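Asks: Sequence:
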Amino acid sequence: MQVNIYGAKNRSLTNFLRKSIYFFARKLLTYQILPYIHIKVVIKKELDDDYLGTCIYIDDELKPREFLIEIKYTDTETMLETLAHEMVHLKQFVKGQLKERYMNGKRLTFWCNKPMRRPYWNQPWEKEAFCMQVFLKESFLEEYRGIKCHKSILV
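The sequence shown begins at 1 in the numbering used here and counts up one residue at a time.
Since the hints were made in silico from the structure, they are not lab data. Computed from a predicted structure; not experimentally measured. Fair warning: there could be bad hints in the mix.
Straight-line alpha carbon distances no greater than 16 Å define the calculated EDC-like cross-link-like pairs of lysine to aspartate or glutamate that follow [said to hold, decoys possible]: (1) K72 <-> D49; (2) K9 <-> E46; (3) K72 <-> D48; (4) K99 <-> D60.
With the sequences and hints as input, model every part of the structure.
Replies: This is how it looks when you write it as C-alpha cells:
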C-alpha cells in the first residue's frame, strides 16, 4: 500500500497519521488487496460544506484502487476519527459496496448495487462509517499508546 500525506504541520503528525492509515487498512481490507491500494491524504484548513473529511476514488470506478482523502485540520483526535470514517468509505469502494456513477452531470450513488437517494444520516454507508469510526480510533490509540511516541501528538 502506498500512502502520501500532504499538509500536516510536522513530521510527527505525518508519521502518526500514516501509522493510523496502515492500522485502519489492515482492519478493513484483506492482505491480498493492500499492495494495490494508493492513498493520497491532504490536510486542509477548510473543506467544502463544513465537512470534516471526504474520500473519493481517482481511478477506475469499477475497481477503484487509488483514493484521495481530504481531512480538515482540527485537533488530532478529531482528525484521527475522521480519517477512520473516511477509511471505512475507502473499504466500501474497494469491496464494491459503495459505487458512484455520473449520468447527465448528476451523481448517482449505489449501495450493494441498489440506487440510493436518502438523507445523509439515513445513508447505509454513512451509518456503517459512523458506527466504526470510534471503534477504529480507540483500537488504534490503544495499540499506538503501547508504542513510545511523542506526547504532543495526542494533545
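Asks: Please list, smallest to largest, the hint numbers that this structure does not respect.
Replies: none
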